[in-house]
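Trainee: Sequence:
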Amino acid sequence: METCSQPDRSDLVSEDGKNIKSVLCQRCGSKVLTPGSAVFAEKELVLPSMRKKKGVQSTDGSVDSDTLTAHWLVEDMFTFENVGFTKGVGNIKYLICADCEIGPIGWHCLDDKNSYYVSLERVDHA
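So the sequence shown is residues 0 to 125, counted in numbering that gives the first Met the number 0.
What the hints contain is simulated information worked out from the structure, not anything from laboratory work. C-beta: ideal position from N, C-alpha, C; glycine also. One or more of the hints may lead you astray.
Unchecked claim - Pairs of lysine-lysine residues, derived as PhoX-like cross-links and limited to a Cα-Cα distance of at most 25 Å, are as follows:
1. K112 / K17
2. K112 / K30
3. K86 / K30
4. K30 / K20
5. K42 / K92
6. K42 / K30
7. K30 / K17
8. K86 / K42
9. K17 / K86
10. K92 / K30
11. K112 / K92
12. K17 / K42
13. K86 / K112
14. K112 / K42
15. K20 / K42
To be verified - Per label pair, the in silico range of CB-to-CB distance:
16. S9 / G89: 35 to 45 Å
17. G89 / D15: 33 to 43 Å
18. D10 / V88: 28 to 38 Å
19. K42 / T85: 15 to 25 Å
20. K112 / N81: 28 to 38 Å
21. T85 / H124: 17 to 27 Å
22. S9 / V88: 30 to 40 Å
Let's have the full structure, built from the sequences with the hints guiding it.
Mentor: Encoded structure:
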């Protein structure tokens, strides 16, 4: 019987829960965060898909999305080396790479001024 276990993140998360490596844009390699500047957090967030899904086209205006749970939590927007924000969608702003504008790589709720989430699945680490 297979057991469902968490992926090993020991190469990414330090003992005090911070990022060990730089966080980079997957497309252009631009540095988003420096080592030690974010804390690992598990929170279920729904972000629009970064890539166009193949198959049936949606005619109802809905957006393809992904449910992501592993994130880097940043408490101050000035901690970022390189990040852009989309226009508000309700009370949400999505985080994008400021250089190549790919995204969303993360999420920020305008109700909570001190929480910026960057999805581990949507960035590279080096």
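Trainee: Determine for every hint whether it applies to the structure shown.
Mentor: Structure-based check of all given hints:
no.	hint	verdict
1	K112 / K17	holds (20 Å)
2	K112 / K30	holds (23 Å)
3	K86 / K30	holds (22 Å)
4	K30 / K20	holds (11 Å)
5	K42 / K92	holds (17 Å)
6	K42 / K30	holds (23 Å)
7	K30 / K17	holds (16 Å)
8	K86 / K42	holds (23 Å)
9	K17 / K86	violated (29 Å)
10	K92 / K30	holds (20 Å)
11	K112 / K92	holds (11 Å)
12	K17 / K42	holds (16 Å)
13	K86 / K112	holds (16 Å)
14	K112 / K42	holds (17 Å)
15	K20 / K42	holds (21 Å)
16	S9 / G89: 35 to 45 Å	holds (37 Å)
17	G89 / D15: 33 to 43 Å	holds (34 Å)
18	D10 / V88: 28 to 38 Å	holds (34 Å)
19	K42 / T85: 15 to 25 Å	holds (19 Å)
20	K112 / N81: 28 to 38 Å	violated (20 Å)
21	T85 / H124: 17 to 27 Å	holds (23 Å)
22	S9 / V88: 30 to 40 Å	holds (35 Å)
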